[in-house]
Amino acid sequence: MQASKSAAAIFLLFVVFGVLAPGVARSDGAPARITHIHGLYFGADGALHVPGHRGIVRYTNDHWTRLPGPAHDFAGFAASRDVLYGSGHREAGSSKAGALGLKSSVDGGKTWRSNTRLDGSDFHIIAAGYLSAAVYLLNEAPSAQLPAPGIYGKRATSEPWKRAAMRGLAGEVKAIAVHPSDTASLVVGTQSGLFLSRNSGDNFVLISSKRPVFAASFDPSGEAVWFGTYDRVAKLVRLDLEAGLTARDVALPPLKGDAIAHIAFNPFNTVEMAIATARRNLFVSRDEGANWIQLLNEGDPVRSTY
Numbered sequence: 001m002q003a004s005k006s007a008a009a010i011f012l013l014f015v016v017f018g019v020l021a022p023g024v025a026r027s028d029g030a031p032a033r034i035t036h037i038h039g040l041y042f043g044a045d046g047a048l049h050v051p052g053h054r055g056i057v058r059y060t061n062d063h064w065t066r067l068p069g070p071a072h073d074f075a076g077f078a079a080s081r082d083v084l085y086g087s088g089h090r091e092a093g094s095s096k097a098g099a100l101g102l103k104s105s106v107d108g109g110k111t112w113r114s115n116t117r118l119d120g121s122d123f124h125i126i127a128a129g130y131l132s133a134a135v136y137l138l139n140e141a142p143s144a145q146l147p148a149p150g151i152y153g154k155r156a157t158s159e160p161w162k163r164a165a166m167r168g169l170a171g172e173v174k175a176i177a178v179h180p181s182d183t184a185s186l187v188v189g190t191q192s193g194l195f196l197s198r199n200s201g202d203n204f205v206l207i208s209s210k211r212p213v214f215a216a217s218f219d220p221s222g223e224a225v226w227f228g229t230y231d232r233v234a235k236l237v238r239l240d241l242e243a244g245l246t247a248r249d250v251a252l253p254p255l256k257g258d259a260i261a262h263i264a265f266n267p268f269n270t271v272e273m274a275i276a277t278a279r280r281n282l283f284v285s286r287d288e289g290a291n292w293i294q295l296l297n298e299g300d301p302v303r304s305t306y
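Note that the sequence shown ends on residue 306 in the numbering used here; no numbers are left out.
None of these hints come from the bench; they were simulated from the model.
Positions of the beta carbon are idealized from the N, C-alpha and C atoms, including for glycine.
A hint or two may mislead.
What the hints assert, rightly or not - Simulated pairs of lysine-lysine, DSSO-like, Cα-Cα distance not exceeding 27 Å:
#	residue 1	residue 2
1	K210	K235
2	K256	K235
3	K256	K210
4	K154	K110
Stated by the list, open to error - Derived CB-CB ranges, DEER-like:
#	residue 1	residue 2	range
5	D300	R198	40 to 50 Å
6	N297	P147	35 to 45 Å
7	G46	P147	39 to 49 Å
8	N297	D45	17 to 27 Å
9	N203	D45	33 to 43 Å
10	N269	H63	36 to 46 Å
11	V233	S114	40 to 50 Å
12	G168	T65	39 to 49 Å
13	G46	A156	41 to 51 Å
Hey, can you work out the whole structure from these sequences and the hints?
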């Protein structure tokens with residue numbers, strides 16, 4: 001019962017800190033503080049990027065800058081090597097109203113094009129294969145294009161969206177991660193644990209303890225999954241898929257009453273990773289979690305030597 005209450009409290013954090021905080025920006029467009037984190041990725045330049053409710057910001061040389069391009073209100077986001085995917089709502093002042101649907105960018109976020117079949121929808125959970133064209137998303141509201149709720153995916157750009165059968169999957173979906181190159185392999189984090197599918201989400205098996213999983217990512221090799229769970233305290237776990245599902249806890253900085261919301265790896269430096277939390281704390285590591293450097297403290301930039 002206590003664990004359930006703790007998980008419920010953490011879920012409330014995701015709502016309060018991820019949705020309701022007001023935006024603050026400097027006159028030069030760079031954020032004075034980060035008020036929403038709805039994804040993490042390392043860009044083509046190797047720099048850490050944070051999508052939020054006013055577009056995308058990039059961290060380089062102890063400085064945050066806002067990327068050129070529309071400042072869309074991103075609520076869901078995913079990044080592959082060649083394409084960015086975003087959903088949410090259009091930037092303030094846009095001549096168009098309503099949800100973005102699913103948009104994609106091939107120029108680092110400068111311009112976005114629409115997947116017209118999904119216009120008007122709002123997807124908060126999106127995942128992409130880093131080296132492939134595979135994209136999976138959680139559809140929460142039935143529409144003409146996606147008539148039933150659930151996980152949908154496509155393994156190639158030319159394919160239609162297909163709803164996964166999701167046999168064996170239990171609990172409310174909180175996160176999806178796609179293998180970097182195997183378009184049929186994905187993991188899903190739910191309130192009931194971490195589940196693995198090798199056939200595009202038609203069949204799942206539980207591969208973790210039955211604790212809520214709020215974030216997940218394959219490492220660049222695809223041989224291990226890293227996921228964030230919560231059981232009175234936040235935990236980061238590395239699960240080796242090639243060695244009999246061997247799991248080990250990764251030491252975290254103090255995260256009192258907080259949980260991991262996003263995990264990202266640098267594909268150009270495979271031991272470099274970043275985590276963001278529900279309370280908008282952001283940390284990076286250059287040695288797979290042996291040491292952490294804090295970049296944000298509840299959204300406020302922290303001076304660092306990173």
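Against the structure, the hints:
1. Under the criterion of a C-alpha separation no larger than 27 Å, the hint pairing K210 with K235 is consistent with the structure, at around 13 Å.
2. With a C-alpha separation of about 11 Å, the suggested pair K256 and K235 falls inside the 27 Å cut-off, and the hint holds.
3. With a CA separation close to 22 Å, the supplied pair K256 and K210 stays within the 27 Å bound.
4. Restraint check: the Cα-Cα separation between K154 and K110 comes to about 24 Å, which is no more than 27 Å; the hinted pair holds.
5. Between D300 and R198 the CB atoms are about 42 Å apart, so this pair conforms to the stated range of 40 to 50 Å.
6. The supplied range of 35 to 45 Å is met by N297 and P147, whose beta-carbon atoms lie about 44 Å from each other.
7. Look at G46 against P147: about 41 Å separates their beta carbons, and that is inside 39 to 49 Å.
8. Roughly 25 Å separates the CB atoms of N297 and D45, a value that falls within the hinted 17 to 27 Å.
9. Hint check: N203 to D45, Cβ distance near 39 Å, so the stated range 33 to 43 Å holds.
10. Checked against the given bound of 36 to 46 Å, the beta carbons of N269 and H63, roughly 20 Å apart, lie outside it.
11. A hinted range of 40 to 50 Å for the beta carbons of V233 and S114 is consistent with their spacing of about 42 Å.
12. Taken as a hint, the range 39 to 49 Å holds for the pair G168 and T65, whose Cβ atoms sit roughly 44 Å apart.
13. Under the hint 41 to 51 Å, the C-beta atoms of G46 and A156, about 28 Å apart, miss the expected range.
Checked against the numbered hints given earlier, this structure breaks hints 10, 13; the rest are met.
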